[in-house]
Amino acid sequence: MTLTRMQPTRSIDARGMACPGPLLTLIGAIRQGQVGDVIEVLSSDAGSRTDIPAWVAKAKQELVGVVEEEGYARFMVRKTK
Amino acid sequence: MDGDSTLSLVLFSGTDDKLNAAAILSVGAAAMGRPVHLFLQYWALDAFRTDRIARYHGSAPEAGPAGDALLRGSLEGPKHWSALLRQAKDVGDVRIHACALSMELFGITQADLDPLVDDVEGVAAFMGDAADGPITFI
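Heads up: the protein sequence lines correspond to chains A and B, in order.
Here this note's numbering = 1-based position in the first sequence + 5.
Here this note's numbering = 1-based position in the second sequence + 3.
Source of the hints: derived by calculation from the structure; they are not laboratory data.
Since the structure is predicted, the reported quantities are computational estimates derived from the model, not experimental observations.
Hints may contain errors.
Unchecked claim - Straight-line Cα separation of at most 25 Å, PhoX-like style, residue types lysine-lysine; simulated pairs:
1. Lys92/B x Lys65/A
2. Lys92/B x Lys63/A
3. Lys86/A x Lys92/B
4. Lys65/A x Lys86/A
5. Lys82/B x Lys84/A
Input sequences plus hints: build the corresponding full structure.
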């Protein structure tokens with residue numbers, strides 16, 4: 006399945022939210038979710054492009070992919086633990 | 004995310020730009036699993052007084068009038084440093100300590116401070132919190 010057609014467990018539209026809001030929203034969703042859930046976050050904040058991958062690596066979650074859209078990016082993160 | 008080094012910041016300046024910068028560093032460190040200790044002295048402590056926390060505290064001299072106007076417009080709601088510090092506490096391990104000596108200087112008690120402040124500490128206790136790691140003065 007390609008990333009663009011992948012269905013997330015939960016999708017969060019954090020566009021317009023200032024740094025580090027989208028990251029904090031993702032962290033909250035991962036904490037609330039079940040192992041195996043895929044959380045999608047839409048963010049127009051430039052900081053998210055570095056912060057979300059950095060947090061995912063540090064927290065040992067899985068960055069399924071990042072898709073650049075017009076004026077924002079879609080991050081797909083799987084809860085691994 | 005264990006074994007992470009502590010971020011220890013001494014907040015001295017009470018202007019909103021420096022408090023905002025410190026709050027952003029705190030929320031980032033907390034999100035990355037690092038324990039955070041903030042030690043409030045002088046004008047930063049004054050800015051945490053319940054009756055003053057929401058008011059405008061000005062900007063550092065280098066901001067100039069244009070920078071000051073820019074800052075003034077960037078502090079609404081969730082962008083205010085007090086809101087960022089609440090988020091930092093939600094996401095991680097963040098402790099905010101009031102300097103005992105500055106409290107004495109101003110003649111205030113913890114009851115005069117915003118609930119963001121966890122306790123009143125002397126400088127030696129803060130050194131203990133910093134756990135031999137670096138301390139940054141803002």
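Pairwise hint evaluation, Lys84/A against Lys82/B, where the allowed Cα distance is 25 Å at most: violated (28 Å)
Agreement of Lys86/A and Lys92/B with the hint, judged by alpha carbon distance not exceeding 25 Å: Since the Cα atoms of Lys86/A and Lys92/B sit roughly 22 Å apart, the hinted pair holds (cutoff 25 Å).
Proposed proximity, Lys63/A with Lys92/B (alpha carbon, max 25 Å): Between Lys92/B and Lys63/A the Cα gap is close to 19 Å, so the pair holds against 25 Å.
Hinted pair Lys92/B and Lys65/A, Cα distance within 25 Å: The hint holds at about 21 Å.
25 Å limit on alpha-carbon distance, applied to hinted pair Lys65/A and Lys86/A: OK: Lys65/A and Lys86/A at ~8 Å, within 25 Å.
The earlier numbered hint that this structure contradicts is number 5, and it is the only one.
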